[in-house]
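Colleague: Both chains are sitting in their own frames, so use the hints and assemble them into the complex.
Keeping their order, the protein sequence lines are chains X and S. Quick note: the first sequence uses this note's numbering, first residue 1, plus one each step. Quick note: the second sequence uses this note's numbering, first residue 1, plus one each step.
It should be emphasised that the hints constitute simulated quantities derived from the structure, not laboratory data. Computed from a prediction, not measured in an experiment: that's the story for all the values here. Hints are supplied without guarantee of correctness; some may be wrong.
What follows is a list of derived Cβ distance ranges for each label pair [unchecked claim]: (1) Ala95(S) with Phe318(X): 38 to 46 Å; (2) Arg70(S) with Pro399(X): 36 to 44 Å; (3) Ala95(S) with Trp242(X): 49 to 57 Å; (4) Ile81(S) with Leu563(X): 37 to 45 Å.
The beta-carbon is built from N, C-alpha and C at its ideal position, and this holds for glycine as well.
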Amino acid sequence: MNRRRLSPYLLGPVWLAAQAGGASAQDVPAPAAEPASQDLSMLSIEELAQLPVNSASKREEPLSAAPTALFVITGEDIIGAGATSLPEALRLAPNLQVQQVNGFEYAITSRGFNSVESSNKLLVLIDGRGIYSTLHSGVFWQLHSPLLEDIQQIEVISGPGGTLYGPNAVNGVISIASRDARETLGGLVRGTAGAFERTIGGRYGVALGTRGAIRFYGNWFDREALARGPIGPAIDDAFSGWQAGMRADFDAGASHFTLQGDLFDNDVDSLPGDGHQGHNVLARWSRSLSDASSFRIQGYYDYFERQYLLAFDSLQTFDLDAQFNATIGAHDLVIGGGMRTTRDRFINNLNGFALVPQSRRLWIYNAFAQDRIRLTPALSLTVGLKAEDTSFSGLELLPNLRLAWQPDERTLLWAAVSRAVRTPSRIDRQLEFQPLLLPAPGFVSEKLIAFEAGYRGQPSQSTTLSISIFYNVYDDIRTADLVNTNPLQVQLANGLEGHSYGVEAWSTIQLAPWWRLNLGASAVFKNFRVKPGHIDLSGRDSLGHDPDFQLFARTRMDLTDRLQLHAGLRYVGEIDSAPPIGAYVEADATLSWRLTDLVELYVAGRNLLHDAHLESNDSDRAHLAQRSVAFGTRLRF
Amino acid sequence: MTRALRLCLVLALCLGLAAAPARAQAPSADAVKAAFLPKFARYVGWPARMQLGAGAPFQLCVIGRDPFGRMLDQAAATEQIDGHGVAVRRLPSAAGAGGCHLAYVQGAAPADTGRLLLALRSQPVLTITDARAGPQRGMIHFTIVSGRVRFFIDEAEAAARGLSISSRLLALAAGVRQRR
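Same shape as in the complex, but just chain S (with noise of 0.2 Å):
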């Protein structure tokens, strides 16, 4: 009987402490990235055949699985880039990813995230990759730093598929592989 008296003990202590006020720390490092992903288009470059008309949207395009859900619904509407939206379109695999400017991609294996990646190689999309799914990278790979979202940039890679990567985005790069 004690021992369901300790019991009982520990759980109003617990709930005693919930009671306090309760600010939480970090926010999530999805959170974080599905802020950075609609961004990216302010700073890229595309080839003509991707000009976008008057008013019409930057197509982000989450192939795979999607870690971020509504957040990223939210980050992509609030983004004005020089008159041109957002609109976010997810993709179960790499088919009909023909207008999208940027791609997130993630497989639900490592492999697969390579395999998709792959499969975009022959469009100029801005293919963006987390290390936390794997080791496959796409031209922009998120990162962990001292607790902080970085990413690694395929520079070389960009450019090879008619994408220019503004300096300001570059300088910000945890590493960068640079155009030859």
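Chain X with its partners taken away, still in its complex shape (with noise of 0.2 Å):
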């Protein structure tokens, strides 16, 4: 077959203008000129079908119509960034606070609250199956390392997650979404080495036939201990694992099921045999009904084991939702429910703190409807309520009313009033050190009444704009009250109220086709006070340690047509803390090679202003956050 292949070189002003036409109208701006697609228009179909193409500059988010401070993050940033883990990529959201406690542990929140064990009111989710733990009601962000050439994009929603997701989404939602198994068929090995850490990672992807197709991965890491600070432990926090999966998604007529499941072990240097171990699998069915509704049904299964310091947790977890949408009329419904059972396990031979009983199954119910009604074609409001019932805790009401107004295409107002909870954990009720902490079976979920309000738009041709402000009632928050002075007796109680104020915006401006910078900010200002009858001996730590700024700006630029430069610098202001962890300046670097179509040559460097850093005041854990270079390849079959 005589196919003529066509080189890039004679193609100049296609790649250079083409480069910059797909943007969607909500994110990313489209440019001024676009004489790309005739050029285009002058190949045949054989030679379209050829082309190589850059699938970044989409973002096609079935939210982005709605009135939250949402923020994506593609999976094309999470390449072009350097990424290696799933923290480091959450640090392109300019609505989440991520600070890296050691080589193992993260601290992410979004709107205040961060710390290890403070940044418990967040909810996430990993292809709809949600990651935090009933423990604690924090994320172990050690427990996933999934091969990010596969992440789609991660949303990021700072504020309450309203109705239509699960438990615990206080503060925010993180929803990190895999491609369909149909998208990535074929091969892909990529590797770094750098002196602090090696990766390996890969997938295949066959098609099923006409209609589905299934894919396997595996993703290996090795990263060395980081320094130790001016106030962490003396421990080893050196990290290595893998974790392997599969994803199969197959379309039946008006149906589309999708089947994925991953296996994980990890060790940390700390101990022989810490480290942590886990698999999952879920199932998944959408349907069409009609041309105005559809449903779907999910059900998953997780397990993870960790283990650290001779202290030992498990949690199993089942979990079944299913969820009901329509249009009728000017009304756009979503109604749904969903069950989960949990069985925790915790063993500690460290010290005495306990969980009494050890082990426990917890049962959490909820049902929720939503209704989006257009008042005017400009105007919608939106009201929804979910109930959750937990056999732990009782029975908790979420409201929800959101408006929002677009006047034209490219501009959208949108102003809400939210309550949130975080229903108690296992910790909050079940923990005691006799005889000094005294269990709670009294502690009552953590309330959040939350007033926001936000612009999204095109302010013009090249540039988007989101600002989101926010003002956040918090009740009940959790304190170690003294209860007994002789002896000495504390017990954790619902004993802070206050409220947080504070802003986030970001921007995306294609100042050339070949080039796209991106600026970011984010304020979070709280104003606490414990409770009359109330004795906080924690110190507030419940309130975590947040820096009042943050700033970002991010660049990529194709400096020609086979290299490309993706560049960002943060800003962290102060964390005001004993002792205080001054503000810092740091900034990454990814410069990326396109050797052929199919090898990719990259550095990336991280941290890269200063040796080391420390970014979390956590004395039980704090290593320094550390300078790395890393070369890496991928290639493609």
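Modeller: Laid out in structure tokens, this is it:
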């Protein structure tokens, strides 16, 4: 077959302009001129099918019209930033605060409350599977090492997740979505090597007939221990391990099936045997019932166990969810429900802290309904209510009211009032250390009423902008109360109340077809007090320690048709804690070179401005985040 | 102060690099899809009642969301198929899609795409969808294979609506669901 191959040099202007062409109006600004498509039109269909494309520019998120503070990290952004772990990829979201605590632990939050133990107000989902722990309501980020090349996008919502998301969506929601198996056909191998970290990952995908596909992946990493900082413990935090899994997608008429699963095992060098392992499997079926309705049903099983410094913790989860969508006249209805049961176990041989009982099964039920009513073509009102009942702490009602005004295609103004709660974790109620710490059977949910407003739009042809402000009123936040002085006795209680307020903003500016700039900023201020009748011996630990301000700038430049530079700067304000953690500026950069269409070489640097810096004030855990440079390659076949 | 200085240096570095002669790389997937769309008309045969009068254009409809914008208008403007041009129409829903020969279909959410496709099932229209918008598939379903825009073809569905698809287009498909 005599098929002409196209030289990228021949197509100079085509490549240049088309590069910027595919922007969706929602997020990435459209370029001023698009002569490209005319030139592409001259090509035959065979030539078009052979043309290497850049699928970076589009951010098609179903939530783009949603009246929330939503930031989307695309898979392309993650690869471009040279991230090798999920938490490092989350640094791309200006509405998150990411602290690297040590070689394997991260503390991540939105709108305040950051530290390993207090960042417990976030709901994190991987392909619809909730990954926060019922032990302490936080997320163990070290349990998740997916192949980043398979990630489609990460949606980061700051603020309450409304009624549609599961429990714990108080301060934010992170939803990580992997690619449909039919989009990852063929093979990919990635390897990186640096003084600090080595990784190897790969995937292979094959079609199953014409309507389905399956892929298998594996991801291995080996990280050196980080230097000990001024406050942290003398513990070796070297971290190594692997994760592997599969995903299959299949279409049959109006139905779509997904089956996926993961398996992982990793080690921390703190003590022999320390580390984490687990597995999960998820199945989902969605179906269009008519041109105005559809439903989705999903179930998963998840198990993990952690061993760290003589403490052992495991969690087994079964979850079943169903959701029904329908459009009736001016109403978009969503109705759903779910049930989840967990069985946990916590054995502590390190010190006297214990959960009583050591193992427990919990049942969590929820039902929700939401209606988006189009009042006028430009104005819509969303009313939602979720009821959540747990066998542990009883019934909670989570209402939410949102107003969206879209005067034109380029402007969305929104405002919302929501109630959200963090239901008690096992630690909140059943942690004890006899005779010093008493269990707290009366511990109730931490509550939030959030007032939010925002703007999202495209003020000019080449710029997108999102600004949101919030005022959060919290009550019943956790304290460690002094209940008796002789003998000294402490009990967890709901003794803090207060408010926080702040602003988040981000913008994308397409300076030229080959040059994109991202700017972001966030600020949060907290004002809390211990309620009358309470004495907090923990020194307000549950409020975490947050920087007032964070500033972000990123640039992506296509220097030549084969050379691409991604670089980012971040400023993180001082963390007011004892000891204080100084403000810092750090930079990362990735220079990648596509040698051929199938071979890519790159060099990626992280924390380039300092040898080492401290991001966390956690005296039990913190090590220094260090400069690292790694060389990498990606091969496709 | 040294921090601020370093910040300036890094910015200067970035700006310096930016001044280097730049050629951008591959076209976007959407630009290539936009180029494909009007060309499909050349490789599809419609039933007699959809035949065009002299000089009348094929109607390429974009139903629901439009990810292509002007790229599609420009691609369609240059297309001439046996004396017929290609006219682009944008429709918010399947209502009024009667005259469409080709329909690119994308709802606000994947389920919406499915609803739009169902609403079009009674007509002899070549439906086109994109894997990135969701799993619901039209007769032609764009996907990316090894960094190239490719598509699956549901020849069985097309045949059921009275459409015939040329072997030249079928040969390019990443997969074909054949008619029985």
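Colleague: Look at the Cβ atoms of Ile81(S) and Leu563(X) and judge whether their distance stays inside 37 to 45 Å.
Modeller: 39 Å, holds
Colleague: Starting from the hint 49 to 57 Å, judge whether the C-beta atoms of Ala95(S) and Trp242(X) obey it.
Modeller: 53 Å, holds
Colleague: Could one say that the CB atoms of Arg70(S) and Pro399(X) fall in the range 36 to 44 Å?
Modeller: Cβ of Arg70(S) to Cβ of Pro399(X): about 43 Å, so the range 36 to 44 Å holds.
Colleague: Against the range 38 to 46 Å, how does the distance between the Cβ atoms of Ala95(S) and Phe318(X) compare: consistent or not?
Modeller: Given about 44 Å between the Cβ atoms, the range holds.
Hint compliance for this structure: no hint is broken.
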